[in-house]
Amino acid sequence: MILGMTSRKAVFVAVVLAIALVLPFTIDPRGYTIRILCLMLLFAAMGQAWNIVGGLANQMSLGHAAFFGIGAYTSTLLLIHFGISPWIGMIAAGIFGGVAAFVISLPTMRLRGHYFALATLAFGEVMRVIGNSWSSLTGGPVGVSVPFAKPSLAMFQFKDTLPYYFLMLAALIVVTIIFVAIQRSRIGYRLQAIKENVDAAEVIGVDTTRTKIFAAVVSGVLMGCLGTFYAQFQYFFDPDTVFGVASISVRVAMIAIVGGIGTAIGPILGAMFVIPMEELANQAFSAQAAGLAQLVFGALLIVVILVEPRGFVEFGRRMVRRFRKGASR
Amino acid sequence: MTAPLLEISNISKRFGGLAALSNVSAEVHRGEIVGLIGPNGAGKTTLFSTLVGLHRPTSGAIRLNGRDLVGLKPHKIAAAGMVKTFQNIALFLDSTVLDNVLTGGLMRHSVEEARILARQCLERVGIDHIAGKLARDLSFPERARVEVARALCTEPEILLLDEAMAALNHVEMDEFLSLLRDLRDEGLTLVVVEHHMRAIMSLCERIVVLNFGQLIATGTPQEISRNPAVVQAYLGRSAETGAH
Chain A
0 MILGMTSRKA
10 VFVAVVLAIA
20 LVLPFTIDPR
30 GYTIRILCLM
40 LLFAAMGQAW
50 NIVGGLANQM
60 SLGHAAFFGI
70 GAYTSTLLLI
80 HFGISPWIGM
90 IAAGIFGGVA
100 AFVISLPTMR
110 LRGHYFALAT
120 LAFGEVMRVI
130 GNSWSSLTGG
140 PVGVSVPFAK
150 PSLAMFQFKD
160 TLPYYFLMLA
170 ALIVVTIIFV
180 AIQRSRIGYR
190 LQAIKENVDA
200 AEVIGVDTTR
210 TKIFAAVVSG
220 VLMGCLGTFY
230 AQFQYFFDPD
240 TVFGVASISV
250 RVAMIAIVGG
260 IGTAIGPILG
270 AMFVIPMEEL
280 ANQAFSAQAA
290 GLAQLVFGAL
300 LIVVILVEPR
310 GFVEFGRRMV
320 RRFRKGASR
Chain B
0 MTAPLLEISN
10 ISKRFGGLAA
20 LSNVSAEVHR
30 GEIVGLIGPN
40 GAGKTTLFST
50 LVGLHRPTSG
60 AIRLNGRDLV
70 GLKPHKIAAA
80 GMVKTFQNIA
90 LFLDSTVLDN
100 VLTGGLMRHS
110 VEEARILARQ
120 CLERVGIDHI
130 AGKLARDLSF
140 PERARVEVAR
150 ALCTEPEILL
160 LDEAMAALNH
170 VEMDEFLSLL
180 RDLRDEGLTL
190 VVVEHHMRAI
200 MSLCERIVVL
210 NFGQLIATGT
220 PQEISRNPAV
230 VQAYLGRSAE
240 TGAH
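Protein chains in written order, with numbering that gives the first Met the number 0: chain A, 0 to 328; chain B, 0 to 243.
Be aware that a few hints might be false.
Calculated lysine-lysine pairs in the DSS-like style (CA-CA distance at most 25 Å, straight line) [unchecked claim]:
1. Lys324(A) x Lys72(B)
2. Lys324(A) x Lys75(B)
3. Lys324(A) x Lys8(A)
4. Lys132(B) x Lys194(A)
5. Lys8(A) x Lys132(B)
6. Lys194(A) x Lys72(B)
Hints were generated in silico from the structure; no laboratory data involved. This one's a predicted model, so the numbers in the text were calculated from it and none came from an experiment.
Please work from the sequences and hints to get the whole structure.
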């Protein structure tokens, strides 16, 4: 057992990590592909952060863009106005993301299923509207640019895309470790209990309110920090992007769901599918007609969900079971 | 006599216009096994749910070791030492039997400690051989036992069992009754809702009878079986329903 993993799992993780570390050296370090890989890693990390609330607690948040956008604006505005390093800005971003998650979790905690999804969706939209209208703070719909600094790790700016790749990979690893640690802790068992039967969980001593708030806040903190990563990577963003329903909220939920909700590997698989597919659809169809790329991509997603509503992980498990059955015959 | 462990004073619970419980008062002493009986719809499950904090009583007081429990959330009441099982079985279906039971132990222990305790509870209830199964793959009698094991894993002072024996055959029931007696001998206090009169009569020192949300009798099994109001409640129900 290594870090609580079986040796087979540990080997698998080591191989995947080795590939992830070598892969960027095989492609153009300033090219387009590595940017897609960066986004893939970032969105995998975001899907993983969402997975703490959506997967472990089974609260289908459609408002995670709120914490993400708050994070992106926090570190960027601190950098613009006070010259504060984005790393310190990221801590502030995490704090604001966590506070926002705490505030929104109080009224929405008792809501279940669709009601929770709608309430969080509305919260994300409120943040987008605020971002667009409070121009004196956010720059409004025009968006903000991250001021250029001398490229360095301290200022979270680099000439090449390669350093971003490794930072995104590190972020994904950290968020995944946090996810797994929560899943295996008392909190993880409590969240599982809440997910399956709230009343029974309470009766046998689970403080369901506190547990849900804890999950929401951790998720919000991580989303806020990842907002900083996004800002430093893209250099420019506007409220409609970072607070967007389709661009962030639904996308991160979808990544976790398509991959395998509530599992550590789910959001990673989800991002590996969703982000490149989106890009491919864009490349192949955006020249033909407006919206065609999105239509094709949407249709593709529908097919995936119809074939395996519980995501790639469940599909994989089913294949393994079938294979074992076949082998034992 | 010492002060009662559980003291229920004039508990009423209304759901809209329906009085599910009206002025119910009862006491349970440490180390007792008390039976709670009554026809269907008498308010037994409502009383249990109210005691553990799933419902807030419309009026009245509930004291455990002298501490008022009204208004506390169920997890606080569990921490105070009172836990119930669910009549309709409320397991965590996608979790293993061990994880179901273990979750009960997390209130007072780390995951590792709770796992050891959960194993002991499963052994106690006689289902350690199915620890690794998913709860959804269990038979009904097995599920009922997991309910009990999970409640035991919270290390309660007083355990409320809501028809935990409903699906057991004769042999299983005798085993279960002797388990409950053993638990009592180790210091656990039990309140048992059960339709099986034979089980109730042989198990309990004292029986409390509810009918239409009201307490109509309390006494030893012999007293209860001879009580005219109880006989009326069980046998004359169809005649009485017309009057209501």
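Handout entry: Violated hints - listed by number, lowest first
Key = Hints 1, 2 not satisfied by this model.
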